[in-house]
Structures are given as C-alpha cells and as structure tokens.
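Note that the protein sequences, when read in sequence, are chains L and E.
For the first sequence, the working numbering assigns the number 1 to the initial residue and increments by one for each residue that follows.
For the second sequence, the working numbering assigns the number 1 to the initial residue and increments by one for each residue that follows.
Identical chains blur together in the list; that is why a pair holds if it fits in one copy or across any two.
Calculated pairs, SDA-like style, for lysine to any residue (alpha carbon to alpha carbon, straight line, at most 25 Å):
| no. | residue 1 | residue 2 |
| --- | --- | --- |
| 1 | LYS95 | TYR67 |
| 2 | LYS4 | ASN68 |
| 3 | LYS4 | ALA32 |
| 4 | LYS49 | HIS59 |
Hints were generated in silico from the structure; no laboratory data involved.
Residues per chain, in single letters:
Protein chains: 2
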Amino acid sequence: MTEKLSEATRGPLLDPLFQSGWALVEGRDAIAKTFSFTSFVDAFGWMTKVAIWAEKWNHHPEWSNVYNRVDVLLTTHDVNGLSALDAKLARKMDKLA
Amino acid sequence: MTEKLSEATRGPLLDPLFQSGWALVEGRDAIAKTFSFTSFVDAFGWMTKVAIWAEKWNHHPEWSNVYNRVDVLLTTHDVNGLSALDAKLARKMDKLA
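Only chain L is shown next, with the shape it has when bound in the complex (with noise of 0.2 Å):
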C-alpha cells in the first residue's frame, strides 16, 4: 500500500535525489527536476522509456516538453504527497538519462 513518506523515511530516500539535482517544489509536497538532451530525438526517447516503467508501477509523473529539454514533477495524488513511488521513479529516472 502506497504511503506518504514518514519524517523518518523522507531523509534516506529524498537526500540521494538532492544530490543528482531533484528539488522540492515551493507549495506542493513534490519534487522535481529538469532533464536536458542533445536532441528532441533523445528527450522524446527518454520519456518513452519512462513513459513504460510508469506505467509498468502505475505512478505517471507530470512532465512538460519543449525540444530538448524535459521539466518532471513527482507527487502521489493518493497520498497527497510523496511516497516511496516518488522515490522510486525518481531513481528510475536519473538511471535512464
């Protein structure tokens, strides 16, 4: 069962991810980052790779597109928040750029 992030949780799972350039967002309980390409060929393929493992873990970032760069936004719209899916996305992510 997906659950918002404990204070004790949130240090060892979201620490990591500010350091490879995820933010918390000003008003929301979410993170996000902005991912650059060389091409809108590389951003549009990056996002498809996501685009399946979101699916695969039912947790769908919101994500905008222009040429070749990619703004991504984390949050758990059950939990209203973060969970541990943030986190797990957030990796994927990062490992797939």
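Mind docking chain E on chain L? Use the hints.
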C-alpha cells in the same frame, strides 16, 4: 522557407482549427489545445506518434502530460509567431487523436 502567417493566410489556415478546439494563446502568437484520452497509455501512445511526425518535419510542440491529458502549444520560434507548419502539425495531431 518558413514564414509568419500573413493576414490573408491566417483565416483559411486557422479557422478550421478553431472549429476543432484549438484557440489562440494570450500574449503569444501561438495556438493551444488540450487533448484527453482514456488512459496514460493512450495519451502517451498518441504523443509518440506525434513526436515522430514532429521530428520528421523538424517542428516540435511545447507540450505537457498529466496521466490521460496532454496540453499542447504550437508556435514557430524561427519566425516568432505562427507559421503554416503550426497549422500542419495541429491538423496531424487532430487526425491522430
């Protein structure tokens, strides 16, 4: 060569798009539309088809996706406004949706 739409060409190219749900964007010479699908797979599948045409025509949308919804904005950066390419890509998006 891509040229900004003239007053004479705007109506014939844009009016049919306004009929299909496209609208002018405030503050930018651009058109926008929200596409809704029945699932993330359908939304992203549509984006993938559009992405291939966008790359083929070297004309890329500004777009964002949240689950089954895709918000699209089209404009032509090279001419700082709408060109025939935007109308062409908009028609393709409608056809593929």
